[in-house]
Structures are given as structure tokens and as C-alpha cells.
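> From just these sequences and the hints, can you work out the full model?
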Amino acid sequence: MSNIPSELKYATSHEWVSVAIDGIVTVGITEHAQGLLGDMVFVELPDVDDSISTGDDVAVAESVKAASDIYAPVSGIVVEINEALEDAPELVNSDAFGEGWLFKVKLDDASELEDLLDAEGYASSIDED
Amino acid sequence: MTNKTVLHAKHLASGAKMVDFFGWEMPINYGSQIEEHHAVRTNAGMFDVSHMTIVDVQGTDAKDFLRRLVINDVAKLTTPGKALYTGMLNEEGGVIDDLIIYFFSDTNYRLVVNSATRVKDLAWMSKQAVGFDLTITERPEYGMIAVQGPAAITKVATLLSTEESAAVEGMKPFFGVQVGDLFIATTGYTGENGYEIIVPESAAEDFWQKLLDVGVVPCGLGARDTLRLEAGMNLYGLDMDETVSPIAANMAWTISWEPTDRDFIGRDVLTAQKASGDQPKLVGLALKEKGVLRTGQKVVTELGNGPLFEGIITSGTFSPTLGHSVALARVPRSVKVGDVVEVEMRKKLVKVTVTKPSFVRNGKKVF
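Protein chains in written order, with the working numbering: chain H, 1 to 129; chain G, 1001 to 1367.
Worth double-checking, as some hints may not be accurate.
Under the rule of at most 30 angstroms between Cα atoms (straight-line distance), these lysine-lysine pairs were calculated in the DSBU-like manner [stated by the list, open to error]:
#, chain 1, residue 1, chain 2, residue 2
1, G, K1290, H, K65
2, G, K1290, G, K1336
3, G, K1365, G, K1290
4, H, K65, G, K1365
5, G, K1364, G, K1336
6, G, K1274, G, K1082
7, H, K65, G, K1288
8, G, K1290, H, K104
9, G, K1063, G, K1127
10, G, K1004, G, K1017
11, H, K65, G, K1347
12, H, K65, G, K1364
13, G, K1120, G, K1281
14, H, K106, G, K1290
15, H, K65, G, K1351
16, H, K65, G, K1356
17, G, K1348, H, K65
18, H, K65, G, K1281
19, G, K1356, G, K1076
20, G, K1017, H, K65
21, H, K104, G, K1347
22, G, K1281, G, K1348
23, H, K104, G, K1348
24, H, K65, G, K1298
25, G, K1298, G, K1364
26, G, K1172, G, K1356
27, G, K1351, G, K1364
28, H, K104, G, K1288
29, G, K1120, G, K1082
30, G, K1281, G, K1365
31, G, K1172, G, K1082
32, G, K1120, H, K65
33, G, K1347, G, K1336
34, G, K1004, H, K65
35, G, K1010, H, K65
36, G, K1063, G, K1120
37, G, K1298, G, K1348
38, H, K65, G, K1336
39, G, K1281, G, K1351
These aren't lab readings, by the way, just hints derived from the structure by calculation.
Pasting the structure below:
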């Protein structure tokens, strides 16, 4: 069973979202997702200042096995991207919930977070996979 | 019903992630297939290839039978232990399987064929053997371990007896020797030096453990695929199958056209294909920008529009050694090395360079 931190929120499409600080959240993919994808070789991120809406395909995680779309779990403006992934995409494998984060979003509507799953909900959603 | 190799428990003990591979439960990786890949390119790695099918062909007519069965000519093999790579065709000139044949004598050969094609291979061989005086014997009682990489030979040497060491001393590539319980061959599927070692099942776990103890890294099917692709070695089922001519699969070098009176299966079809020059060919593709070329993607050329002018990626991957994606692709024969063609990737056309179908040998870029 992979690690699912209880302080994060989750989308069924395997993205995680941090607690909002000053209306800004960090987004990544879960440890479970990186395990399914295998060794990451490229991560294509959105641009800073991009406006994104929940459900948009905004990034691509390309692993040895497959290219996989990453969907925006929330709506807002991209304020920062993890540039370290350019040279070290393997951070997504080694530290999915930490150094392997993907991008930060300034939320349009903080109440959107309530639509996401909590750790327990996400755990049961991956059990059904 | 899933088959397990004799080394199954060893894989689990090393933390392998197991997958189904044509009915065999095999390790895909033991954590990171990229690290395993680098271990083989820079040091030494090992693969459990016990799922592969070993078939001994023995008897008075063994040589005549194999001269008919495969496109290369086993009559070229005169030194005991010498091996050759070749293909076995159907009557329509399509590849039933690719295989290695070891020569011991004119009445004694060992074949190693793919596990995914085991049933049809054995059926085809039995059918073709009618009228020949020989026996075809599958040898499932063996395990097989491929030890590959620049340090593979020296690491294996520390485990061999004096007699075994003497037997493999100075052995050239593509040879095999039976010494005691072990059959040791200088073959592999990675583009590195090393051995493929056939070992009785009862001794396989112990031998695997000894290799682990001298620092040989266990590697799964994931690394095996990126290594063979960098080396430009075909994978049956992707780069060729029963609908593909060996001429279209970079296997023309394994066809022995001489002597002209050797009547191997598929010869008339291949002769006509060679004369008309209408077969596509297998080339390499290199993508320098981000992204990974994948099996099945369409290759678009400047020759024109429509299927006649298009090609297809037969296998594509990210090359850990080169740091970018490479692929093998079947394209129209007029496409040349150095040409720039386009690949349809995720709804976009991306430019790639055509290369010879070989990217890395002995740790070095070769295109």
C-alpha cells in the first residue's frame, strides 16, 4: 500500500493538492500514480500565468512506459512551476509528495477544494482500480 | 495459469515488481528500470531468461533439417560451440520466430527460441521434421541467466571452477560451451559483453545468489527492452512477425543465399522480394527534443501521401544511455539514413532523424 498523506486533497485522476496558503496550492501526482507509470523521463508543465480550469489536461508525465495526461484538479492561475523537473524528472518517482511537486496555482475559488477527495476517499478510489 | 521460473522466489526477495509476460510471471523491474539499464551499460547486470525455450535437435538428419528450416545456413557452422542468429519462416516468407542455433556436431544442435512463440514454434518444427531422421527435445529442466555488461565476464569468472574458467578462456562472441553442469555462451541481448548461462534448475537459485553477492545487479524486462532497443536488436512480435519479411526487419544479413540449391522454407518468396526491391526496411529514428517515440506511431515521409509512403514505429522507447528517445521503424525502402521524417505523436507531427537501426554498442553511441 503506498503512502497517502492525510493533510492533502486528491483527485480520482491521481493528482494531489496541498492545503491553500494565501490562496495558493501546490499540485503533484500521487505516489500510487508514479508507481503505475514507472521511471519518469520527461515532465511537460504548464507555463506560469496560464489560466487553468478543473479537468483541463495541463501537463504530461512521460515515463518509460507511457505518456500520461495530468489534469488540473482546481481552477486558477499557474504562479510557479517546478523547474527542477526539467533536469531531474525522477524526483516525481523518488519524492512524489515533496520535491517531485509539479506546479502551484492561485485558486479562483477556494471552495473548489471541498470537491476533492480526502486521503481516505482517495485510498478507497485506488482500491477499486 | 501462470508459469513461474525457478528464480521466482529470488525476484520477490529482491523486491521485484512482477508482470505477466505471455503467460510467465516475470520481473519488470526491481525499483528503477533506468538504474538497472545503467548498471548493464557501466558495470554488470543479470536477467532471468529461464522462460526462453531451449530445444535440442539431434540425429542423422539434424543438419539437413535445419538447412531447410531456417534462412541462415547451419552448414557454415564447423567449429563446435559456434552459434548463429537467424529466422524461421513460413511458406509465405513471414517470420515465425527468430532464434539462435548452437552447433555441437552435424547431428547435434541446440536452438533457443522465444517463449511467447513456443507452442507454434514446436508445432512448426514437428511438422517440418516429417521424413527426417531426428529428435526434437524441449529442455524445460534448465534455468537461464544472462549476465551482461563491461564487468560481467570478470564477475562471473570469480564464481567459476578452474575447469570452467579454462573452458571459457578467450571464447569469441557467439560461442557456447558445455562445461560440467553449466552451458556458458558469449551471447546476449544488450549490446554489451557477457554470457548467457544455462544452468540446471536445482543449481539456478544458488548461482543467482552468488552473482548477487559479487555485485551483479538484477534487472527486469523493462531494462532488457531499453537495452536491446539501443543495441538495435529486434523483438519478435513488435519488429517482425508472421506478416513481415526478414528483408523488411533488418534480418537480410541472416539469410544465406549461397549455395543457390539450398531449398530453405520461404526461399522463393524472398528471392522474388529481393528482385523486385519492393519490401520496406527497418531503420532507426532519433528524436532530439522532448517526448518518447512509441510503438505503433505513424511515420510520415516527404515521398508523398498515403500508406505507400508512410512507415510505422515497430518499437520505441526513451534511451537512458543517450538521454533522448529512439525507435525502430519500418519505412519505405527509399528513405535514407540522414533523412528527416516526421512522426505523429500525441496529435502533433514531430521531426526525427533517420539512422541505422543501432544506437549503442559497448556503452557508446554508434550512430
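> Honestly, which of those hints from before does the structure not fit?
The structure breaks none of the hints.
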